[in-house]
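**Q** Residues per chain are reported as follows:
Number of protein chains: 2
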Amino acid sequence: MGSTVVKENEKTFQPVEWGKTKNIFGPENVGSKHLKINITEYAAGTAHNLHRHPDQEEVIYILDGEGITRTDAGDQKIGPKSFVFVPAGTNHATLNVLKDKPMKAIIIKSPPTTRKGE
Amino acid sequence: MGSTVVKENEKTFQPVEWGKTKNIFGPENVGSKHLKINITEYAAGTAHNLHRHPDQEEVIYILDGEGITRTDAGDQKIGPKSFVFVPAGTNHATLNVLKDKPMKAIIIKSPPTTRKGE
Numbered sequence: 001m002g003s004t005v006v007k008e009n010e011k012t013f014q015p016v017e018w019g020k021t022k023n024i025f026g027p028e029n030v031g032s033k034h035l036k037i038n039i040t041e042y043a044a045g046t047a048h049n050l051h052r053h054p055d056q057e058e059v060i061y062i063l064d065g066e067g068i069t070r071t072d073a074g075d076q077k078i079g080p081k082s083f084v085f086v087p088a089g090t091n092h093a094t095l096n097v098l099k100d101k102p103m104k105a106i107i108i109k110s111p112p113t114t115r116k117g118e
Numbered sequence: 001m002g003s004t005v006v007k008e009n010e011k012t013f014q015p016v017e018w019g020k021t022k023n024i025f026g027p028e029n030v031g032s033k034h035l036k037i038n039i040t041e042y043a044a045g046t047a048h049n050l051h052r053h054p055d056q057e058e059v060i061y062i063l064d065g066e067g068i069t070r071t072d073a074g075d076q077k078i079g080p081k082s083f084v085f086v087p088a089g090t091n092h093a094t095l096n097v098l099k100d101k102p103m104k105a106i107i108i109k110s111p112p113t114t115r116k117g118e
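From first to last, the protein sequence lines stand for chains R and Z. Position 55 of the first sequence, counted from 1, bears residue number 55 in this note's numbering, the numbering being contiguous throughout. Position 95 of the second sequence, counted from 1, bears residue number 95 in this note's numbering, the numbering being contiguous throughout.
The set of hints was computed from the structure by calculation and includes no laboratory data. One should not assume that every hint holds.
The list treats identical chains as interchangeable, and a pair is accepted whether it falls inside one copy or across any two copies.
What the hints assert, rightly or not - Simulated crosslink set (BS3-like; lysine-lysine; CA at most 27 angstroms straight-line):
1. Lys33 with Lys77
2. Lys104 with Lys22
3. Lys99 with Lys77
4. Lys77 with Lys104
5. Lys99 with Lys22
6. Lys20 with Lys101
7. Lys99 with Lys20
8. Lys22 with Lys81
9. Lys104 with Lys11
10. Lys33 with Lys11
11. Lys20 with Lys7
12. Lys101 with Lys77
13. Lys104 with Lys81
14. Lys101 with Lys22
15. Lys33 with Lys101
The shape of chain R in the complex, shown without the other chains (with noise of 0.2 angstroms):
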């Protein structure tokens, strides 16, 4: 068994309602059980609703833009080379706080699927 190369030019963007994702690597693509490797543009003034996976872990890089990461402890600015840490269980958000520029980030899941907070 070998690794897996992929560029990001290579995958397709979907729509999503904050702006457009991409899937890198995995359960569908190259059968991971531990990890979700996607790219995430966050279209120019959106955001996320603030929301939680009980027992999903998510990091956020971000590759360009400038955003916050929201939670209920408070607000704090992210920008190129910028991780977060979200915790399991974590209300979160985040949101691209320039007008005419989406955010780009790599998303990075773990476990790859979880069931959305209520």
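For chain R, the structure is supplied; the task is to place chain Z on it using the hints.
**A** Same frame as chain R, now just chain Z:
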């Protein structure tokens, strides 16, 4: 509980056999159970030996430089914006092929701890 934001330059590299590495997130600083995130610089012309982690998946995202991901299935070229998925239990090595420049990558592992394959 909130999220944790870290900029790469807030962490300090530690020397390893094949270059240097810094831990961004892991059990020891954010109490993660699923994710370990490092930034690693592979020194010019160096290589990991082939090794495997029986129960751990790994994703490598190349930030800068040029190299090879090696498994029993062969070698594949990697460079900036390449993502590499290494399945659990797969013999693998990462090589920096440049003679004069480090190769820099984000290393994502899940679960965060593992025993090394013999």
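**Q** Take the hints in turn and mark each one as holding or not.
**A** Results of checking the hints against the structure:
{"no.": "1", "hint": "Lys33 with Lys77", "result": "between (32 angstroms within a copy, 25 angstroms between copies)"}
{"no.": "2", "hint": "Lys104 with Lys22", "result": "both (11 angstroms within a copy, 23 angstroms between copies)"}
{"no.": "3", "hint": "Lys99 with Lys77", "result": "within (16 angstroms within a copy, 38 angstroms between copies)"}
{"no.": "4", "hint": "Lys77 with Lys104", "result": "both (14 angstroms within a copy, 25 angstroms between copies)"}
{"no.": "5", "hint": "Lys99 with Lys22", "result": "within (22 angstroms within a copy, 34 angstroms between copies)"}
{"no.": "6", "hint": "Lys20 with Lys101", "result": "within (13 angstroms within a copy, 35 angstroms between copies)"}
{"no.": "7", "hint": "Lys99 with Lys20", "result": "within (16 angstroms within a copy, 39 angstroms between copies)"}
{"no.": "8", "hint": "Lys22 with Lys81", "result": "both (20 angstroms within a copy, 14 angstroms between copies)"}
{"no.": "9", "hint": "Lys104 with Lys11", "result": "both (15 angstroms within a copy, 23 angstroms between copies)"}
{"no.": "10", "hint": "Lys33 with Lys11", "result": "within (21 angstroms within a copy, 29 angstroms between copies)"}
{"no.": "11", "hint": "Lys20 with Lys7", "result": "both (17 angstroms within a copy, 25 angstroms between copies)"}
{"no.": "12", "hint": "Lys101 with Lys77", "result": "within (16 angstroms within a copy, 32 angstroms between copies)"}
{"no.": "13", "hint": "Lys104 with Lys81", "result": "both (11 angstroms within a copy, 13 angstroms between copies)"}
{"no.": "14", "hint": "Lys101 with Lys22", "result": "within (18 angstroms within a copy, 31 angstroms between copies)"}
{"no.": "15", "hint": "Lys33 with Lys101", "result": "neither (34 angstroms within a copy, 34 angstroms between copies)"}
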